[in-house]
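S.K.: Sequence:
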Amino acid sequence: MASPAKLAREANIFETEMSYVGIIKAICDNDPRTFVGTIEFFPEEGKYHVDGHRNCGVRLTPKETIMHDGRCPKCGRKITVGVCARVETMADRQEDEIPQGRVPFESLIPLQEIVSECVQVGVNSKKVTTEYFRLLAELGPDLHILRAAPLHDIHATGGPVLAEAIRRVRTRAVHIDPGYDGEYGTIKIFNDGEREKIIDDGQMSLF
Numbered sequence: 001m002a003s004p005a006k007l008a009r010e011a012n013i014f015e016t017e018m019s020y021v022g023i024i025k026a027i028c029d030n031d032p033r034t035f036v037g038t039i040e041f042f043p044e045e046g047k048y049h050v051d052g053h054r055n056c057g058v059r060l061t062p063k064e065t066i067m068h069d070g071r072c073p074k075c076g077r078k079i080t081v082g083v084c085a086r087v088e089t090m091a092d093r094q095e096d097e098i099p100q101g102r103v104p105f106e107s108l109i110p111l112q113e114i115v116s117e118c119v120q121v122g123v124n125s126k127k128v129t130t131e132y133f134r135l136l137a138e139l140g141p142d143l144h145i146l147r148a149a150p151l152h153d154i155h156a157t158g159g160p161v162l163a164e165a166i167r168r169v170r171t172r173a174v175h176i177d178p179g180y181d182g183e184y185g186t187i188k189i190f191n192d193g194e195r196e197k198i199i200d201d202g203q204m205s206l207f
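Quick note: the sequence shown, position 201, residue 201 per this note's numbering, numbers continuous.
Everything labelled a hint here was simulated from the structure, so no lab data went into it. Careful, some of the hints might be misleading.
[Stated by the list, open to error] In silico DSBU-like pairs for lysine-lysine, Cα to Cα no more than 35 Å straight-line:
1) Lys78 <-> Lys47
2) Lys127 <-> Lys25
3) Lys127 <-> Lys63
4) Lys197 <-> Lys126
5) Lys78 <-> Lys63
6) Lys78 <-> Lys188
7) Lys25 <-> Lys197
8) Lys47 <-> Lys63
9) Lys63 <-> Lys188
10) Lys126 <-> Lys25
11) Lys126 <-> Lys188
12) Lys126 <-> Lys47
13) Lys47 <-> Lys74
14) Lys47 <-> Lys127
15) Lys74 <-> Lys63
16) Lys74 <-> Lys127
[Unchecked claim] Between beta-carbon pairs, the in silico distance windows are:
17) Asn12 <-> Ile176: 21 to 27 Å
18) Ile24 <-> Phe105: 17 to 23 Å
19) Asp153 <-> Arg54: 41 to 47 Å
20) Ala11 <-> Pro150: 18 to 24 Å
21) His152 <-> Ile176: 26 to 32 Å
22) Gly70 <-> Ala148: 27 to 33 Å
23) Thr38 <-> Arg167: 37 to 43 Å
24) Thr61 <-> Ala148: 32 to 38 Å
Positions of the beta carbon are idealized from the N, C-alpha and C atoms, including for glycine.
With the sequences and hints as input, model every part of the structure.
M.R.: What follows is the structure in structure tokens.
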């Protein structure tokens with residue numbers, strides 16, 4: 001595998017026997033008791049999630065593209081249409097309508113990237129790597145930390161900034177700039193000053 005650190009960034013969650021037949025049956029039955037859900041990255045990170053024109057820095061929703069007659073509102077050139085527009089043309093329901101029996105999904109950010117944003121250094125830095133493996137040793141595997149570990153345990157082990165970061169990821173309370181026209185989208189946990197406010201509130205720093 002080229003990127004072992006990304007293992008299970010996209011995964012299916014089953015509560016069934018560990019066999020091909022058991023897994024196939026869970027998928028076909030679409031029973032939430034056996035096919036519990038899916039784990040994925042934030043789809044907005046994709047390079048063509050919404051419409052836009054990269055040269056002008058213009059990012060548009062499908063409805064906004066229609067309002068502008070498919071043209072960039074800055075330069076008048078044709079807009080590059082993204083995935084969301086195609087989804088809307090195929091949709092048989094409204095965006096906020098949840099169909100009965102839908103398998104739940106979770107969007108996660110890799111733990112190393114969360115630590116990187118908390119300490120404000122590169123994801124491949126020694127500081128992030130050291131802290132990442134310390135968290136694994138004390139709290140358990142990545143997915144347990146990201147999805148199930150009690151926040152007070154994360155707070156006690158990694159500090160208030162990390163605990164708040166993971167709380168925000170779990171509740172999708174993150175800042176999203178979707179990708180468009182060949183530009184990757186960005187997912188930020190903290191805006192400017194938010195991380196510092198957590199520390200300044202009288203709590204201990206992450207380190």
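S.K.: Now, for every hint given, state plainly whether the structure supports it.
M.R.: For each hint, the structure was consulted:
In summary, the hint linking Lys78 to Lys47 is supported, as the alpha carbons are separated by about 17 Å, within the 35 Å threshold. Only pairs whose Cα atoms come within 35 Å are accepted, and Lys127 paired with Lys25 is rejected, the gap being roughly 44 Å. For a cut-off of 35 Å, the pair hint linking Lys127 to Lys63 is broken: about 44 Å separates their Cα positions. At roughly 26 Å between alpha-carbon atoms, Lys197 and Lys126 fall within 35 Å of each other, so this suggested pair holds.
Between the alpha carbons of Lys78 and Lys63 the distance comes to roughly 15 Å, so the proposed pair stays at or under 35 Å and holds. For a cut-off of 35 Å, the pair hint linking Lys78 to Lys188 stands: about 29 Å separates their Cα positions. For the suggested pair Lys25 and Lys197, the alpha carbons sit about 49 Å apart, so the restraint of at most 35 Å is broken. Restraint check for Lys47 and Lys63: satisfied, since their Cα atoms lie roughly 19 Å apart, inside the 35 Å limit.
Under the criterion of a C-alpha separation no larger than 35 Å, the hint pairing Lys63 with Lys188 is consistent with the structure, at around 25 Å. The suggested pairing of Lys126 with Lys25 is violated, with an alpha-carbon distance near 44 Å, which exceeds 35 Å. A C-alpha spacing of about 21 Å is found between Lys126 and Lys188, which places the hinted pair at or below 35 Å, so the restraint holds. The straight-line distance between the Cα atoms of Lys126 and Lys47 is roughly 29 Å, inside the 35 Å bound, and the hint therefore holds.
Of the supplied pair hints, the one linking Lys47 and Lys74 holds, its CA atoms being roughly 21 Å apart against a limit of 35 Å. Among the hinted pairs, Lys47 with Lys127 is consistent with the structure: their alpha-carbon atoms are about 29 Å apart, no more than 35 Å. Note on Lys74 and Lys63: the hinted pairing holds, with a Cα-Cα distance of about 17 Å set against a maximum of 35 Å. Proximity of Lys74 to Lys127 is assessed by CA-CA distance (about 43 Å); at most 35 Å being required, the pair is judged violated.
At roughly 24 Å, the beta carbons of Asn12 and Ile176 sit within the given window of 21 to 27 Å. Ile24 and Phe105 have their C-beta atoms about 20 Å apart, which keeps the hinted 17 to 23 Å range intact. About 43 Å separates the C-beta atoms of Asp153 and Arg54, a value consistent with the hinted range of 41 to 47 Å. At about 22 Å, the beta-carbon gap between Ala11 and Pro150 stays in the expected band of 18 to 24 Å.
Taking 26 to 32 Å as the suggested C-beta distance range, the pair His152 and Ile176 conforms, at roughly 27 Å. Roughly 45 Å separates the CB atoms of Gly70 and Ala148, a value that falls outside the hinted 27 to 33 Å. Under the hint 37 to 43 Å, the C-beta atoms of Thr38 and Arg167, about 21 Å apart, miss the expected range. Taking 32 to 38 Å as the suggested C-beta distance range, the pair Thr61 and Ala148 conforms, at roughly 34 Å.
Checked against the numbered hints given earlier, this structure breaks hints 2, 3, 7, 10, 16, 22, 23; the rest are met.
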